[in-house]
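Chemist: Residues per chain are reported as follows:
There are 4 protein chains.
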Amino acid sequence: MIHFNSDYTAGAHGEVLEALVRTNMEHTVGYGNDNYTAEARDLIRKAIGCEDAEVMFLVGGTQTNATAIDGILARHEGVLAAVSGHIAVHESGAIEASGHKVLTLAEYDGKVRAEDVDRYIEEFYADETYQHMVAPGMLYISQPTEFGTVYSLAELEALSGVCHKHNIPLYIDGARMAYGLKAEGADFLLTDIARLADLFYIGGTKCGTLFGEALVVANRAFLKNLFPLVKQHGALLAKGRLLGVQFGALFRDGLYERIGEGAVQLALRIREAFRAAGYEVVKESPTNQQFFRLPNDVIDRLRETISFDYWGPRGATDSVVRFVTSWATTEEDVDVLIHAINKK
Amino acid sequence: MIHFNSDYTAGAHGEVLEALVRTNMEHTVGYGNDNYTAEARDLIRKAIGCEDAEVMFLVGGTQTNATAIDGILARHEGVLAAVSGHIAVHESGAIEASGHKVLTLAEYDGKVRAEDVDRYIEEFYADETYQHMVAPGMLYISQPTEFGTVYSLAELEALSGVCHKHNIPLYIDGARMAYGLKAEGADFLLTDIARLADLFYIGGTKCGTLFGEALVVANRAFLKNLFPLVKQHGALLAKGRLLGVQFGALFRDGLYERIGEGAVQLALRIREAFRAAGYEVVKESPTNQQFFRLPNDVIDRLRETISFDYWGPRGATDSVVRFVTSWATTEEDVDVLIHAINKK
Amino acid sequence: MIHFNSDYTAGAHGEVLEALVRTNMEHTVGYGNDNYTAEARDLIRKAIGCEDAEVMFLVGGTQTNATAIDGILARHEGVLAAVSGHIAVHESGAIEASGHKVLTLAEYDGKVRAEDVDRYIEEFYADETYQHMVAPGMLYISQPTEFGTVYSLAELEALSGVCHKHNIPLYIDGARMAYGLKAEGADFLLTDIARLADLFYIGGTKCGTLFGEALVVANRAFLKNLFPLVKQHGALLAKGRLLGVQFGALFRDGLYERIGEGAVQLALRIREAFRAAGYEVVKESPTNQQFFRLPNDVIDRLRETISFDYWGPRGATDSVVRFVTSWATTEEDVDVLIHAINKK
Amino acid sequence: MIHFNSDYTAGAHGEVLEALVRTNMEHTVGYGNDNYTAEARDLIRKAIGCEDAEVMFLVGGTQTNATAIDGILARHEGVLAAVSGHIAVHESGAIEASGHKVLTLAEYDGKVRAEDVDRYIEEFYADETYQHMVAPGMLYISQPTEFGTVYSLAELEALSGVCHKHNIPLYIDGARMAYGLKAEGADFLLTDIARLADLFYIGGTKCGTLFGEALVVANRAFLKNLFPLVKQHGALLAKGRLLGVQFGALFRDGLYERIGEGAVQLALRIREAFRAAGYEVVKESPTNQQFFRLPNDVIDRLRETISFDYWGPRGATDSVVRFVTSWATTEEDVDVLIHAINKK
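Chains as they are written, first to last, in the numbering used here: chain L, 1 to 344; chain U, 1001 to 1344; chain P, 2001 to 2344; chain B, 3001 to 3344.
Hints may be right or wrong, so weigh each one.
[Claimed, not checked] With a straight-line cut-off of 20 Å between C-alpha atoms, the simulated SDA-like cross-links for lysine to any residue are:
no., chain 1, residue 1, chain 2, residue 2
1, U, 1224, P, 2027
2, P, 2343, P, 2252
3, L, 224, B, 3128
4, L, 224, B, 3129
5, L, 224, B, 3119
These are computed hints drawn from the structure, not numbers from a lab.
What you are looking at is a predicted structure, and each value in this text was computed from that prediction instead of being measured.
Here chain L stands alone, though its shape is the one from the complex:
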């Protein structure tokens, strides 16, 4: 069986795992106060071109989003997000559990538009009952989005601009950032992210590590006292160096870039194969997640040797499915898939 279900079904990239094994018997202080974490923090600061950013490593994405959002917002504020945003749908209410409403915006292939953000905020304060409603206190976006799409640099500039016009921070969920940076046609760099977002996280779980996300506070004015907040949210790893060791491996010699590059190229080969075989590409994704509309009998046949995700029916005889590549996907895996696609 060959797997295209998700980018978190395997363990860690070999170089990351090797670093964990190599350092396993060393003794270090806990909670991220060790030298491996310090080095990883510096590598990330360098990679994002922001020497004075605060960088903290957390275990998972839900925690990272919940902690960052809770730390930024005042009690009476909520977070703006696409109606399809991860925090609006798939965090089991973690944002609300810390007291904050998710204020939803229309989504366009998973993305929000700067003009919608602007109008929401303008209309909010124009409503004379606004103090009885939840104030928009920050903007959350995912880059790439939950549908694999990517904001262009111009779109990011516009979103950052509208946020700062209204004096609210822009927060970017970068769970799959590696695949976004190497997306087909991507015109933004990690330094742009750090320049335009006030906070963001660079995901490890889906991009080569066993687990772990690097939360970056580029604009420190928006989030102070991060350490106790991370602890309070249960997101502080006792053996914090495990995160430092892994992110060190990702950022020391360009592994993070190689992972993104490799997975995207394989995803594009898959997209091309399905398109060439005459199937509809449902979302025009330039990253490692690809969505296709396939006849149900084709799905059944493919599933004999290949594993992938089902997203829902489309008409009586077709369905939408998702294929995801990652650092763990090989050229051979994709060859087998393409062979299966064409074996009609």
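Starting from the structure of chain L, add chains U, P and B where the hints point.
Modeler: Chains U, P and B only, in chain L's frame:
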């Protein structure tokens, strides 16, 4: 430098790490729905003698305590704990952050007494203003305690009895349970824990894994819908099988017991050496944490080659220090320490 | 100036105020444990035909909604409500502040449909990722709605049925219940409300008292330990008897019914006058809130002598406005208004 | 029966009630945006000598404390308070329900000492694990305290000094402030309170109004966006002018001062009578709450005609009881009591 600072300064026990390496490139479903997790769950059910217990694996201790306590308590209830209990002191307010007061009881070498619990609850309901106060909704204890001491079976029976007399659950924080089970003079088994506690967790982080705690709901009436609650608390690991693989390694062939046994024997050798050298043993701990009163010049001399924790001054010329052993401590480490102790 | 802005712009109905004045110098125990409160509780139990209901008096509507919802829901659950529901819009995030998401449904003149509730719940549990999403744990409706419309008995039966089919409670916000019970064409009684809803509140603030809402737990299985929860939510009045005295006045001799009847009749006269004068009735409301589309110059002219609420522009030259009657509205007030309407 | 149980057993002072009756049929805008509230706000600003203070009127004390504390503290912070402080004991966990730990200090007749506050904060930051503990983010005191005692001006200066040395706000719960200002030997003024505290509230419920507390933010840097926070906490009264009307009556012509003066004088007469009759005065209270140790048979005898609070046994044959005066206590009430005391 030889390290006795804590039981979470090194990585994972060799057999645990080997299991992670061996399974690294396998693809499994996420969030703990894989076969490794299922097997680990069954191994733990067998070890605790409770076939229908719910077992769920979380990443860290703060999360596990916060999730379990939040899941058990009604909104108007708080959790009883020793004034020295971890949740009362060192969770950065994680319990209060989910809305619940920690109601403190006197501690006796880190332990609470059944009669104190009984009196607290009796007096609470005898106070005619009790509905204006926070109701005691559960009891939290640590086994072993934060000071390395251990409840006897009779003490556990008494605590369980008083809890059930008042119809509140008993929850046991077993972050270091392996060392408690093998403590000098320990007269309780893991099956006793499962029989007497309504919920408890078996810690991995300090007992051989890279990270991870196994939350056991022995009495399911007290905590339903654990899965979404774990997710909401940010405690659900995407690659959940990493926890299953590690706990499988601990419980498949008795590794968990060997780890406890080994570390405790080394700790007792250390205690004996300090005592023989004429130093005061501060807490009469039968587990892997040992506390001594040493002259400050002795501390300075030991620190040239050995690393350990400082707990605070005791008079003008002495201090209390802590030495901790773990699965990562070797006989040779202890030989070096004992040599240093005796080299006055 | 004559006022039709809202039903909470004046003080209390004369009979209510008189009761407060008459009892002012009496001494009673606090927090609702007095005899006036006991009597009011019994009067309400009688009026709703439910002898064993729990009845508790709170100060205001936001509190009552927040307390009831927080008391009913488990931590991983949210509350279903119309997208126009008060808790979804105008509670400043009070529901989220206690940790719960408001799950919105489409609104039809402010009402939700039983089939939508059913489909939401069916689709929720059919989604294999449902444990990562917020579970629908109760249904919130307003009777009458924020737009003055009223659920028919058949609609209430259907909503109650679908809730109980899925084992979630139905909660009714009755801030303006008095006006709903006497609505044009209303076919439900207070006893129907108590029979079909598991919890509801009978509003006082907008229906004759200075302040105060009577929270009724018809089905006690869904909400225990109400007293400490009310206190915790800051909704417990020290001089609790003030609520008992006021609700006693409302329910002892049918004042509550007379208030509803009077205000609705006056509202219908207003509706008729606007309709007769050729203006559009925007929502076909049978209660004390009426919405009309008026030319802006007519609005300006009316405002010289009459005060009412502006709801928003409709096209270039018209706007929607709201006229509200209450126990404080007189026949003379309406005569003046009708005269002004017709003085084109 | 004559009542000395508490200062919230009767309704409102005649002048306050009269103002409510007089304005009852007026129509005003809601939520405290009316002219009565504006006037009351200005009267309070004048009384406290702080023209730019924010003043907001809330319904009750629990709400006021919970809202103010929640608004001030960052998520990782807790509130310092005497172990006997109202928020530490009798708020049903309202502070914890909004996510914050109450950090307790020793009490001396209900008061905390500046040196204890200083030592707590110094020791907190000296502990190298401090980021794992709840940071002291503000100080809460009651003036007068729950035991009727009063901080001297020097004590208030010291507390304010130590708070500002450590850059945390001082918050004063003034539920019974009127009685503290007129306490025997009181050497502080309301202007001192406003100068030394960053926030405080002037209680109405126990000092002449039906209900209501005036929250004063003297130092606006510590609490912004109070309005939506008050709404979110369910503490915003729809008919907000009811609070303005009542506080206007208290502060327009010195009624607040007269109420304090009268009740304290009567309380001191009672204290003198018990002392002269040979009974022990338990707390040396200079305010309207008085505590005595009486033989149980005396208690039984007094209770035939007089009502007061029982606080607990003292030895086998005695008990401690509380007598409270208020604006509703008359000279005749006290005459009757003194007669009963002396009728041995």
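Chemist: Indicate, hint by hint, whether the structure satisfies it.
Modeler: Cross-check of the supplied hints:
no. : hint             : verdict
1   : 1224/U to 2027/P : 46 Å, violated
2   : 2343/P to 2252/P : 43 Å, violated
3   : 224/L to 3128/B  : 19 Å, holds
4   : 224/L to 3129/B  : 18 Å, holds
5   : 224/L to 3119/B  : 25 Å, violated
Comparing the model with each numbered hint stated earlier shows that hints 1, 2 and 5 do not hold.
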